[in-house]
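Undergrad: Given chain L, put chains R, U and W with the ligands in place with the hints provided.
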Amino acid sequence: MTVSTHNTLPHTGTTEILCYLTLKNKFDELNKLSVWINNDISTLFKISERTVFKVDLILAELIANIISYAYPSQCESEIVIKCHYFQDNIRIDIEDSGIPFNPLITPDVVLPQSLEEADIGGLGIHLIRHYMDEGTYQRKDNKNIFSVRLKI
Amino acid sequence: MTVSTHNTLPHTGTTEILCYLTLKNKFDELNKLSVWINNDISTLFKISERTVFKVDLILAELIANIISYAYPSQCESEIVIKCHYFQDNIRIDIEDSGIPFNPLITPDVVLPQSLEEADIGGLGIHLIRHYMDEGTYQRKDNKNIFSVRLKI
Amino acid sequence: MAKLEIQESDNGIKQVKVIGRLDILGTGEVETSFTAHTAGKKEKVIVDLSELDFLASIGIRLFLITAKAQAKRGGKIVLLNPKPLVEDTLVTAGINLLIPIYNDLELASDDLNSAVSE
Amino acid sequence: MAKLEIQESDNGIKQVKVIGRLDILGTGEVETSFTAHTAGKKEKVIVDLSELDFLASIGIRLFLITAKAQAKRGGKIVLLNPKPLVEDTLVTAGINLLIPIYNDLELASDDLNSAVSE
Ligand SMILES: Nc1ncnc2c1ncn2[C@@H]1O[C@H](COP(=O)(O)OP(=O)(O)O)[C@@H](O)[C@H]1O
Ligand SMILES: Nc1ncnc2c1ncn2[C@@H]1O[C@H](COP(=O)(O)OP(=O)(O)O)[C@@H](O)[C@H]1O
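Residue numbers (my numbering), protein chains in the order written: chain L, 1 to 152; chain R, 1 to 152; chain U, 1 to 118; chain W, 1 to 118.
It is worth saying that the hints were derived from the structure and are not from the lab.
So, partial list: chain W residues that the calculated Cβ filter (under 8 Å) puts toward chain R:
hint	residue
1	D23
2	K68
3	L98
Lysine-lysine pairs mimicking DSSO-like chemistry, simulated, CA-CA at most 30 Å apart:
hint	chain 1	residue 1	chain 2	residue 2
4	L	K151	U	K83
5	U	K17	U	K42
6	L	K32	U	K3
7	U	K17	L	K26
8	L	K24	L	K140
9	W	K17	R	K32
10	U	K83	L	K82
11	W	K3	R	K26
12	U	K72	U	K14
13	L	K82	L	K151
Ideal Cβ placement from N, Cα and C applies to all residues, glycine included.
Just chain L, with the same shape it has in the complex:
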């Protein structure tokens, strides 16, 4: 019996996979993040290149935002990322103790119609919301807990 290399986990039984990663709120930690996604997650979950790309993009945008905006400068903190694989879904939980911020309720960016009026920025949350299948936000114990679900 052979196992194909992507988009299918073997499935005689039921499988649930949890991967955790803790990052400091520093930009040079983002290297670990992409290694984790493109190596660990991709190998373990056996998801398609497209799904890996989505996870990569959503996390790159979210974590960059947390590092950029969530903490006063010089404030060291930790961001905890949990990836959960279960029955055709990936759930990603991101937990930070920065200022309260719910990425689901910011008004959607108006995509510019010409180069002249184009704003340099504001695309991150738009991309996140486009690529996720479902998102939930909670503020609990002084923490932001943002969860994203992706169908695979």
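TA: Okay, now just chains R, U and W with the ligands, sitting in the frame of chain L:
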């Protein structure tokens, strides 16, 4: 970055894997069991051939015993097997609703010294106890819950 | 995580190939060089994306900076041969409406040559 | 899941190769044929385990049945070339003290020829 094919999961972060399998108490279900171990578990956990063999042996003996001895004949029931990978350990939980039986407290078989006195049988529990690193037994809600831990 | 290959041909078109990942770190590595080569003066620029594996908003921002600069100067930038997942991100961000995307070098060159006066 | 290959040579030794898995299902598949070939009459038997991938107690039981039968009849059975994991199981079950295990065909044959009278 390449991932070796056994004995190591990639480990930028922390990984936890759960695999579940439910079997009926019938001998022809044992085929599913060995496919599950040698295909799903072996691929997902990336454990060595030796560890796969141990898991295979422990489960083959335990499930065969449950099917053989735990239920009155004609009584259909379910056996739930959970394999849990976390930080250099595999924990296997086996749950059945057969008669109370604790495989940890049966007296150890006396290995025969000659063919004449050799008993045909009684080796299953001896092998299980030899190959596991730790075992615990609970009777709960009219169920046997036997847990085995293996270092990897 | 990212690097550039610059190629200037005698037809006055500058090709910049972006290789690797344009996430925060990759973009940080190439942005000074990228803008120096593409945004400093009026230019016809093809950004070859055939070996770009990942694109985040920070990378899109880099293309927009150049495109805005060239629009002001009377030059132009176009994108060439993005991989499907990168193209999907560009379209999702609406960039295809601001910077043309081509899958053919000749069409890309024709666009630049007719749009930009000598 | 398991099958047998039987080979009778002119030196009076019967070789039985067991291929696959001797778990409950595999043992069920071959046990009738195995005992028919090895336990029915006085015999010199080499059980070739070089292609046996898995061995559970039910398979060990099968070897013991033949070994006991041959002991009674004045014949003998030996095991040849188990893979390391299978050998480990045999040793853990103490079978090596009851049925000799060889990693060399000639030594196995010598044992049988000297132990079993014609
Ligand atoms: N974790 C966060 N904490 C506080 N503010 C945030 C956070 N994430 C995003 N924001 C705010 O939302 C805005 C839009 O974010 P985004 O769409 O990623 O675009 P950009 O980062 O380019 O501005 C940011 O400019 C910032 O003001
Ligand atoms: N799940 C079970 N429920 C009840 N009795 C059991 C169970 N498992 C094992 N036993 C008892 O323990 C004995 C020893 O089991 P084992 O060591 O596997 O050898 P064997 O099955 O060859 O007898 C069995 O004969 C049976 O009486």
